[in-house]
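Colleague: Single-letter residue listing:
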Amino acid sequence: MRKIVDISIEAVISAESSIHKALGLGLNQEPSEKTASLIEEAFEVFIDLARPKGLFENITLEEFAPIYAGAGLNEPKTPLGGIYPGAEQLALFAVTLGQPVSGRIDELFGANDFALAYVLDAVASEGAELAAEAVGEQFDDLVMGDDDPFEDKSQLRYSPGYCGWHISGQGRLFDRLRPGDIGIELNSSYLMQPLKSVSGVIVLGKKEIHFFNNSFPFCNDCVTKTCRDRLKHIM
Amino acid sequence: MELLDNIAKNLEAGEDEKVLELTKAAIQQKLPPQDILDKGLIAGMNVVGERFKNHDIFLPEVLLAAKAMYAGMDELKPLLIEEGIPSIGKVVIGSVQGDLHDIGKNLVGIMLKGAGFEVIDLGSDVSPEKFIDTAEKEEAGVIGMSALLTTTMSVMKQVVELLDGRGLKGKVKIIVGGAPVSADFAKEIGADAYGFDGINAVEKIKGLCGVG
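Same order as they appear, the protein sequences are chains Y and A.
Per numbering that gives the first Met the number 0, the very first residue in the first sequence carries number 0; after that it's consecutive.
Per numbering that gives the first Met the number 0, the very first residue in the second sequence carries number 0; after that it's consecutive.
I should point out that these hints are in silico values taken from the structure, not numbers from a laboratory.
Any given hint could turn out to be false.
[Stated by the list, open to error] Here are the simulated lysine-lysine pairs, DSS-like style, with alpha carbons at most 25 Å apart:
no. : chain 1 : residue 1 : chain 2 : residue 2
1   : Y       : K224      : A       : K29
2   : Y       : K33       : A       : K8
3   : Y       : K76       : A       : K156
4   : A       : K52       : Y       : K20
Go ahead and model the full structure; you've got the sequences and the hints to work with.
Modeller: The structure is reproduced here in structure tokens:
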């Protein structure tokens, strides 16, 4: 099943605390008056310009295998390579906030309005993740139903370009999913336009399938370690 | 001098309109452009950099100060050119091929200009050849590369190798940065430096250029 998802603007407005964190503020730190005013302005611009849209399509394990393989440039072993064969459901997905908000960030940088551009970028990045989450929830609703007990199952999203899944995976993902229908295009370097877009695969299955040790060779180069936060979230 | 101190203080506070007004006043008073730059604009920006390093302020405040710096620089630049005052160095920057994320790279560019460097920003998704060709053509002293994806970091190594192949290693220095990049990675690929944020990158590039 392929579904274009309506995402409300409310669903992509992040909590201010997330923006504080993205801007480098600690848990108990309040922004200065000027920064607070910038955050308020950035949210206003974001609400005015963001046009969130999403898309997902169920896919079988067999169909996903060549998409994951991409152009054959993945790391020999990756977390996703070990995870997806254990999935009960898979879906390709893509979301975007539309060109106007990405364009506005560029315009603000071009006009030397760096601070607002930077805060808007943070608001939009958080918003794009929330859009992906909204699509994931719709997928969950669709496959789980209302009364199905899924306490032991969990869904996580994985994207090309991260954790050993080479960015060239975008090529076959786009061929299959056709995110052009919601306004996302892929360039020759497998990068999405508009910039504030997210794509990948939703993996639903028993919680245990998502667990892995972050001891892959490329984990040494990773300083963000967001995989650990994601796993904590589903535990 | 009080006027230059005022420029610095207003820049620290991110008051771009006031900095512009005071820079115009300093020019009208025939103060040497180099003094307006060094003792006003750059002095203010240096304080901002220190406060950021000490976690007294956060990036949005630094960027407000940078906007004020640019307001003053736009007024001052024609005079600096007229007097033949060179920039403190030329740096080519870009996000590597396969990477469209350019926020970090933009911040480094802003900070570099604020510190008095000439910056050639190649944008994002930049091929190794373009980095080297531009640095060679523009006679830049430093190439700064940014990557956000672990899968695009390898392009940084390609640039280092290409630079070596063209016989430019040592002549053109390389600094790398971005979320997945580390000092160890920089050393491993043979880069000359690693910058963990915009302010740190400027300090490292100053070191590479033998400035301040």
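Colleague: Give a verdict on every hint.
Modeller: Okay, the hints, checked on the actual structure:
About 54 Å separates the Cα atoms of K224 (chain Y) and K29 (chain A), which puts this hinted pair outside 25 Å; it is violated. Among the hinted pairs, K33 (chain Y) with K8 (chain A) is consistent with the structure: their alpha-carbon atoms are about 16 Å apart, no more than 25 Å. Restraint check: the Cα-Cα separation between K76 (chain Y) and K156 (chain A) comes to about 21 Å, which is no more than 25 Å; the hinted pair holds. Simply put, K52 (chain A) and K20 (chain Y) have alpha-carbon atoms about 17 Å apart, close enough for the 25 Å limit, and the pair holds.
In terms of the numbered hints stated before, the structure departs from hint 1 and from no other.
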